[in-house]
Amino acid sequence: MSTTLLKNINKKIFTNNYLFSPEWIVLGVNNVCNLHCKMCDVGTNNNETNFAQNLVGTHPLNMPLELIKKIIDQVSLHYPKTKIGYAFTEPLVYPFLEESLLYANSKKIKTSITTNALSLKQKAKSLVNGKLNELFISLDGPQDIHNEIRGHQKSFQKAIEGIEEILRLNPTQKIAVFCVITEWNIGHLKEFADFFKKYPLTHLGFMHTNFTTQNVADIHNEKWFNSYPATASNIDEINIDNYNLELLWNEIQEIKKEKSSLNISFSPEISSKEKLIEFYHNPKKIIGKRCNDVFSNIMIKSDGSVIPSHGRCYNLNLGNIYDNSLEEIWKGHILKKFRKDLIKNGGLLPACSRCCSAF
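At position 181 of the sequence shown (counting the first as 1) the number is 181 in the UniProt record's numbering, and the numbers step up by one without a gap.
Heads up, a few of these hints could be off.
[To be verified] Here are the simulated EDC-like cross-link-like pairs (lysine to aspartate or glutamate), alpha carbons at most 20 Å apart as the crow flies:
#, residue 1, residue 2
1, Lys198, Glu161
2, Lys7, Asp341
3, Lys256, Glu237
4, Lys38, Asp144
5, Lys70, Glu48
6, Lys284, Asp218
7, Lys158, Glu183
8, Lys83, Glu66
9, Lys108, Glu23
10, Lys69, Glu48
11, Lys121, Asp73
12, Lys108, Glu327
13, Lys285, Asp341
14, Lys284, Glu222
15, Lys289, Glu269
16, Lys110, Asp144
17, Lys198, Glu164
18, Lys197, Glu183
19, Lys259, Glu191
These are calculated hints, taken from the structure and not from any lab test.
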């Protein structure tokens, strides 16, 4: 029997006693970002949402070096095959980046970084010296489109310079690029994919917009407010009515049918134009089957507090690394109850309907 099948049985039938290790420990190593993305609550300065609170709602500004070493020690002790992902808010401006990467490497723990790559060229040597395993770069389309979305007139150029510098220093570095589909880059996705044909990426991923409308949050909170309160999220400057879904559907098909050496994916994979319309215009409709991350990820913020999954999840305090071991948190009653509530509700709660963890 495969490990995947065993995990699925464990999730469905023995939810209160999940036997498998986390796949990722996601780190919120700091509470600052150096860009102003239109599709992000942090970028639009809306700090009242769950997403923003998970990213910038804790102190200190930077995770202390002693804390990140403690986390790495805990991973090494309890879950040595688990990977550490530097993901929030912008890891490349974290002052202890190279030192902590080297420490993780000394403990044989694999690492990844998710970044907007604005300062990648300057930090390339630190990443290579720190023996980073995987680099995930978030870009939003061709140069002018990306720069407009990110609020920085040279952010795309700087990201590409950084990619080229990394590859110069380490030609075998694993690099993946991910692009969030928005109203501003529809019609430019094929151009974006074509641009990266000349780079040895491990993956090029297009992600449909992750968002929570106020209506969906209200429906969710009618039942779940006391346990897992939801807020609207990532819709301040986005207008779903402006998405040209006919053009988007045609562009997706064009990208998929063209033979390419790039490994290209869309998340979620949507099977028809009607389903695409449903995704964007009927966000109450659950698309995924269940949360894929609550059984595989937890996120640790800069103050040591831990939430389920990652930054898009509910701001549910599972414990604190200063007070609890990683094993105690992963096997703790709060996370057990959350998993059980998800499974009893069919795998997802109403406000999970357009979260990337559902796909």
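Quiz item: Taken at face value, is the distance from the CA of Glu222 to the CA of Lys284 at most 20 Å?
Solution: 14 Å, holds
Quiz prompt | 20 Å Cα cutoff - pair Lys70, Glu48 | solution = 30 Å, violated
Self-check item: Agreement of Lys198 and Glu164 with the hint, judged by alpha carbon distance not exceeding 20 Å
Solution: 11 Å, holds
Practice problem: Below or equal to 20 Å on CA atoms is what counts here, so check Lys198 against Glu161. | Solution: OK: Lys198 and Glu161 at ~14 Å, within 20 Å.
Quiz prompt | 20 Å Cα cutoff - pair Lys158, Glu183 | solution = The hint is violated at about 23 Å.
Quiz item: Taking 20 Å as the top limit, are the C-alpha atoms of Lys108 and Glu327 close enough?
Solution: 19 Å, holds
Self-check item: Pair hint outcome, Lys108 versus Glu23 [Cα-Cα no greater than 20 Å]
Solution: 15 Å, holds
Exercise. Decide if the proposed pair is consistent with the structure: Lys259 and Glu191, CA atoms, cutoff 20 Å inclusive.
Key: The given pair, whose Cα atoms are some 15 Å apart, holds under the 20 Å limit.
Quiz item: Given the hint that Lys197 pairs with Glu183, does the C-alpha gap stay at or below 20 Å?
Solution: 24 Å, violated
Quiz prompt | Hint consistency between Lys289 and Glu269 [alpha-carbon to alpha-carbon, up to 20 Å] | solution = Status holds; Cα separation ~13 Å.
Exercise. Decide if the proposed pair is consistent with the structure: Lys83 and Glu66, CA atoms, cutoff 20 Å inclusive.
Key: Holds: Lys83 and Glu66 sit about 19 Å apart, inside 20 Å.
Exercise. Quickly compare the C-alpha distance for Lys284 and Asp218 to 20 Å and report which way the hint goes.
Key: 11 Å, holds
Checked against the numbered hints given earlier, the structure breaks hints 3, 5, 7, 10, 11, 16, 18 and satisfies all the rest.
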